[in-house]
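Number of protein chains: 2
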Amino acid sequence: MNPDIQRERENATFNTDLLTYILDGGQEKTRRRREIESLVISDADFQQEDANFLSRSERYDAAVRKSAQMILKLREYGISDPEEIYAYKNCVHRGRPEPLDLHLGMFLPTLLNQATPEQQEAFFMPAWNLEIIGTYAQTEMGHGTFIRGLETTATYDPATQEFVMNSPTISSIKWWPGGLGKTSNHAIVLAQLYTKGICHGLHAFIVPIRSMSTHEPLPGIEVGDIGPKFGFDEVDNGYLKMDNVRIPRMNMLMKYAKVERDGTYQKPPSAKLTYGTMVFIRSMIVGESSRALSKACTIAIRYSSVRHQSELRPGEPEPQILDYQTQQYKLFPLLATAYAFKFVGQYMTETYHRITGDINQGDFSELPELHALSAGLKAFTTWVANGGIEVCRMSCGGHGYSRCSSLPDIYVTFTPTCTYEGENTVMMLQTARYLVKSYRQASTGQQLSGIVSYLNEAHQRLQAQPVSSRPTVVNISDLASLVEAYKLRAAKLVEVAAKSLQGELQKSRSPEDAWNNSSIDLVRASDAHCHYVVVKLFAAKLGEISDTGVHSALSTLALLYALHGVAQNSGDFLQAGLLTVPQLSSVSQRLKDILAQVRTNAVALVDAFDYRDEMLNSVLGRYDGNIYEHMFEWARKSPLNRTEVHESYHKYLKPLQSKL
Amino acid sequence: MNPDIQRERENATFNTDLLTYILDGGQEKTRRRREIESLVISDADFQQEDANFLSRSERYDAAVRKSAQMILKLREYGISDPEEIYAYKNCVHRGRPEPLDLHLGMFLPTLLNQATPEQQEAFFMPAWNLEIIGTYAQTEMGHGTFIRGLETTATYDPATQEFVMNSPTISSIKWWPGGLGKTSNHAIVLAQLYTKGICHGLHAFIVPIRSMSTHEPLPGIEVGDIGPKFGFDEVDNGYLKMDNVRIPRMNMLMKYAKVERDGTYQKPPSAKLTYGTMVFIRSMIVGESSRALSKACTIAIRYSSVRHQSELRPGEPEPQILDYQTQQYKLFPLLATAYAFKFVGQYMTETYHRITGDINQGDFSELPELHALSAGLKAFTTWVANGGIEVCRMSCGGHGYSRCSSLPDIYVTFTPTCTYEGENTVMMLQTARYLVKSYRQASTGQQLSGIVSYLNEAHQRLQAQPVSSRPTVVNISDLASLVEAYKLRAAKLVEVAAKSLQGELQKSRSPEDAWNNSSIDLVRASDAHCHYVVVKLFAAKLGEISDTGVHSALSTLALLYALHGVAQNSGDFLQAGLLTVPQLSSVSQRLKDILAQVRTNAVALVDAFDYRDEMLNSVLGRYDGNIYEHMFEWARKSPLNRTEVHESYHKYLKPLQSKL
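Protein chains in written order, with full-length UniProt numbering: chain A, 1 to 660; chain B, 1 to 660.
Honestly, I wouldn't trust all of these hints.
In this list, chains with the same sequence are indistinguishable; a pair is considered to hold if it fits within one copy or across any two.
Below, in silico cross-link-like pairs of lysine-lysine (DSSO-like), each with a Cα-Cα straight-line distance of 30 Å or less [to be verified]:
| id | residue 1 | residue 2 |
| --- | --- | --- |
| 1 | K651 | K637 |
| 2 | K330 | K507 |
| 3 | K654 | K637 |
| 4 | K541 | K196 |
| 5 | K654 | K241 |
| 6 | K330 | K437 |
| 7 | K541 | K437 |
| 8 | K196 | K258 |
| 9 | K73 | K651 |
Hint data in this document are derived by calculation from the structure and do not stem from the laboratory.
Build the full structure now, drawing on both the sequences and the hints.
Next comes the structure, spelled out in structure tokens:
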């Protein structure tokens, strides 16, 4: 053990295990998670060469091998709880996406949710046993966000009782679905349904794409890999072009909408049912934001505790770089953010499960709010984490660029979350739509409930008093007071956005133009709303924590999170009259004091995330802090070092010398 | 030609060629640059498979091949002007770094600057003819920023008149130098010089590391590649461990410092001489910030002009995504920034050349200011461009993640600039040191000259009037007035930092602690100073432009750049009393108006950067806008598509099916 990092741990003022239990949701869950991790990590079948040294084709190959092993082992061990399957899978693939993700996460669940009993009979068991390997093909080359614009067609032919599937244009080619390129032999395809000459909009169809015996593409099908990406090397995101591909009528998923034998179309009963899945996935992504950021923080903070550089005092040894205030100012707010997002993710999941119960009993009343919240928080947390990972990487100096740090890998694995499952700006605007609607309701005297209820009082408050005469509300050392300030900031920015929209409506050609011309303000309002929710939930979480050591450490982080946000958005708080200019100086000073406090516990706070070295896969983030010897060992394995003299020397450099 | 992008070009209000000439520094320079580009791009010897489809070893191999070709062709064509060599090289390697970069850019120049005539005789021509291939080995595994901390030793042995080179610890292993791993057979090694038992600090030594006949590592040398990184796949950044490696006395570069035969040490006359090179390289990096960001903007803006998505008005066709205000708000400020940095880069280069003339005549007076400015601007521009490239990438939705967009490649190639040649935070603090020193001089009544002269008047002005009673100075539609506001903001933040430092000095253990405890404020002050310089130089550039169409388009961009910065940093402007709360709302509205104005010329403004398709290498950024068909064509070439059925199917999936 490196003595620097050892000392950091000795100086911590709380018990890291207790905090780990809180993060996992209880001691028993921690125990079980660790048990699953040990199961995977000690399993010889899951050992492999460092993925950084493999070509993309080799990485895909290794991932397929591990996924196949995983399926067998999950059954062998009888692991069937979805959360445990997820934990096991995550451990096998070290947090990276893998070729069967869409089969397990989309194809099977969609069958369960949207297939008739007859269809389930036909497709589910073959899919469960991987005779059918499926994916979910929605996005097209020319169509992502706006799914009504999808061009793929499914035209019913009553003569043969088949659907004829077509990709009528280049832009209609299915593009991006994971596992589509090489792995899957079936796809659930979203297509515009035509029957009796009428288009009934998007519906889902099960399309066989490769032979179940030879795995060769079927007639009329052109399928392949879409090529290398920024990360995601393990996944064969694919394309699919269909030319008059005929599938039986029963391959349309007909639990809700139906096409009769004669081509008569029956509408589905409700459109709201698909909301739930979206909400669930976006809640998961909020948790993913915390996970990715907490990994990056673990690496950067451990590294900063063992890396020495420059001099603070002449003649003394080089200090740990964690002692530099600028380094603390980069990393500690991100550490606080990782905790904040963890608690937000927990809240989202709990709320989702609670509301799902209501939905199953026919009560949809809370769904719109959760839908709006999950959209905004998905965008808010992924953007922040995305930028934060890169700050962590760059805080490690040159070594952060090396793939042995794992930081580049964390980034490229995470960054697509800003785009998939709802592009972030579009998500922010969805939340804004809900906020503006709520604001209008409050303005007309309706009493709002739930998380937007602040628009009731805030509306009155902001109306009643001009900014200059309002008393300053913030006590910058009091978290509750800061939560209040975030609330009023959000209220103010929702008001600004609503008024901007109102103004545009009076001069625009259409409501849509007015919306577009206010969209900068609308995104800002959503952002402030989400920021408020995060601060509020972090503060609320503190109330659940009984251990004083943990409570104290987390309270400091919560205050750091809140004050850092005030400093970063000081214009908003000044503009809304929530803060005075002299207070802003106090915020700066207070932040410095808090950084010094967090310094004591920084390593313990990342230890509590409890990432095993095998999961982090980072030389810089090693638990024992012995980085240099392992970096050297890692480098020697680099493929370029397999020979002392690279063949390019003989091919190009040696001949060149004789020509010059 | 895609009709959308065609229409964009027809609607432009200025002549793009005229703007290109301004960016190149004159019509003749544009002509010559285009000539060189044509030379390279039409050259069959420089064709190769898309690098995205190659393994790292193949990429390195291809780069060595092209570098070797390049050396031959440069001599064949008689291209010898450094700028033209740079342009040719940049074109051959499509803007990517390559294995001979350090040989050409550091090894040869260091020989020219620091070798004695006798040493030049011995080493220069062999190096010029690539018998000697060299690199420059400074950074060690444990030592980057703080070069005095380097551990490598060179101990003089008068008995044999040799230096004995050693890497005494793991952390002393040379780490990162480009071309060190496999390409070079010599390295200029920075080491602590010991003679007669005394350490004289760092000096440079020419160390043979591989045999000039077999290219095998020499005895006592352990050398290799440091492994895969975030980008830089073409370069064999390497490690070097030396164990009692003996080199002749004349292998120490002795133009300035000397070691006599008997081991007597002679000091160099001045330390300032090495400043010049650092300033030059940092100025180049400022230009690189503009280049990388302008490439990313070209791709994102062209793509946004041909991509259609969602609906603005029901029933109408999907609009170009460039029509969305949120998309404009992401991209147009970055477009303005790319222009701003281009002009800053031009200014830095001109100033460097002017001052170099002075230095050659023994006048060092302007060097400290340029040194401070180049440090801060290097950090300021690389940070902004770094984040900006990712905003461009994410603004392209899913397709931005595909390597066919080239955006991931631009990012990973650029992002190391935030760390190399001076870590950005360290750079900001260097500039801050100069600012605080200048501020103190102004406070004591000294009259400052040069770019910090604003601290004279600002000091008086800020002292004289309390914030609340000061008249608001900004006319938000007037660029000159905004420049003034940026100046006063910088002055205010320099003052805040200086006072913070003063306060800390009164309570700290040492000046170094005080500095550290004020470093957040110091970085903010540098940032504001650099921001002011950028706005000022952009405004100044407008004065040089005579064509009214170009002038008008660039004036709009300059105003956008300035106002966007005000909006992003509104807290600073409010805090300094430079802006009122109502004005801030006007800024928002004005920004929206400007976005709409820039919309008209957006495509023409990126066309003026004049990147050939071969240089951008981006399907999304194609000049003709025909993206979808070419994306499909590119994907079909993906290595995973070389066979219809990937071998992993037969190895893992097929056997799995029989087991389930």
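For each hint, the structure was consulted:
no., hint, in the structure
1, K651 <-> K637, "both (24 Å within a copy, 26 Å between copies)"
2, K330 <-> K507, "between (44 Å within a copy, 25 Å between copies)"
3, K654 <-> K637, "within (26 Å within a copy, 32 Å between copies)"
4, K541 <-> K196, "neither (57 Å within a copy, 65 Å between copies)"
5, K654 <-> K241, "between (48 Å within a copy, 25 Å between copies)"
6, K330 <-> K437, "between (37 Å within a copy, 26 Å between copies)"
7, K541 <-> K437, "within (29 Å within a copy, 47 Å between copies)"
8, K196 <-> K258, "within (13 Å within a copy, 93 Å between copies)"
9, K73 <-> K651, "between (48 Å within a copy, 17 Å between copies)"
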